[in-house]
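Student: Those sequence lines, one after another, are chains P and A.
For the first sequence, the residue numbers in the numbering used here are 22 to 142.
For the second sequence, the residue numbers in the numbering used here are 15 to 288.
Don't take every hint at face value.
Unchecked claim - Below are the DSSO-like pairs computed for lysine-lysine, each with C-alpha atoms no more than 30 angstroms apart in a straight line:
(1) A/LYS134 with P/LYS98
(2) A/LYS134 with P/LYS125
(3) P/LYS32 with P/LYS89
(4) P/LYS23 with P/LYS89
(5) P/LYS125 with P/LYS96
(6) A/LYS232 with A/LYS134
Hints listed in this document are in silico derivations from the structure and should not be mistaken for laboratory results.
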Amino acid sequence: MKTCLVVDDSKVIRKVARHILETLDFEVREAGDGREALDSCMAAAPDVILLDWNMPVMSGMDFLRALKDSGIAHKPKVVFCTTENGMAYIRAAIEAGADEYVMKPFDRETLESKLQIVGVA
Amino acid sequence: MNMIAALLEQRTGQQIAANRAWRIETALKPLLRMRGLETLDDLVAQLMMSRTGELGDMVVDALLNQETSFFRDSAVLDMVADAAGALQEEAGTRRLRIWSAGCSTGQEPYSLAMLFDERKIMTCSSPPEIVATDISPAALARARSGRYSQFEIQRGLSVRRMMQWFEGGEGDWAANPELTRKVQFRQHNLAGDPPPPGRFDIVLCRNVLLYFSGALRKAVFDRLAQAVRPGGVLVLGAGETVIGQTDLFAPSERFRGFYNLAEAVAPGARSALG
């Protein structure tokens, strides 16, 4: 079973994402900000991370940079999942190392198609 | 309800199964609201009094199943690109011709155009000619505009392709002219019109025939057989087949999952290429 770490400061989004991911046969872990997510990755790297942009403590972009510098051997795929839907944000995320980008709101088909594109579904 | 289903079948050949009749009311709700009508009976009454046929067009447009997405069944599109690559190599300087029949709002032909570009499938500097048809003027207008909502753009389309081929953001995305000029859109009724002129190397008719009656499906296969070039292929949707439906096509030995013209229709074409 593949593992997905959902990183979002919104409980509602984490709950919705968890529900969709579990129907896609993922084991789901949750983190409320980038710092928690980094700790979770250091403990055990997931296969894929669903990452919000704006979060307290550590933002999605800061997390992405920290993950790059962390020295984790097995780098998870990173799918940004955010309300930031301008091309400038998207380019910045991809240049920073994200593999895919989902603009909120999303549905099951969209998420599934993005997970297929990064090769984890 | 029966009259509305009959109108759809008469205009497009599409049937609404009894267990899908609920869809009629759901699909027509926005039209009822727009016309200030309360019930389907009111709509039927207006349809009967209408002289221009414009309301009938709107009803048909609303009822057509236009479900589609970029790179729908992406493995199949990869196989189409494989076939296109092989056929283009054999065609030499002749430009390959592709027909996307029942293209709805254009995601299938645009996906093909992107794939062909990535794979550099072309003769000299020309990529394959892609003709995309649909019965719905509204769907075609959207396809030609190349404009998609945030919801549509991210379903099936990778972010890298989106960045390469689309512009915009903040909810509305537009295909750039480099992509839109790769596809020619035309109105065409599969249920009654002859195929677009000329023969095609690849004809895609996915998830359309399943809405047709057996008799109409056979008639459509007759017309598709006129459109496929000997040695070319027909691509159907998952769960659709020619087997038991027509003798004009047979499973392709060369391109698995696709269909060639049967030996009797194009003698030598299958064995020569198989």
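Student: Against this structure, judge whether each hint is valid.
Tutor: Against the structure, the hints:
| no. | hint | in the structure |
| --- | --- | --- |
| 1 | A/LYS134 with P/LYS98 | 28 angstroms, holds |
| 2 | A/LYS134 with P/LYS125 | 34 angstroms, violated |
| 3 | P/LYS32 with P/LYS89 | 26 angstroms, holds |
| 4 | P/LYS23 with P/LYS89 | 21 angstroms, holds |
| 5 | P/LYS125 with P/LYS96 | 24 angstroms, holds |
| 6 | A/LYS232 with A/LYS134 | 36 angstroms, violated |
When each numbered hint is compared with the structure, violations occur for hints 2, 6.
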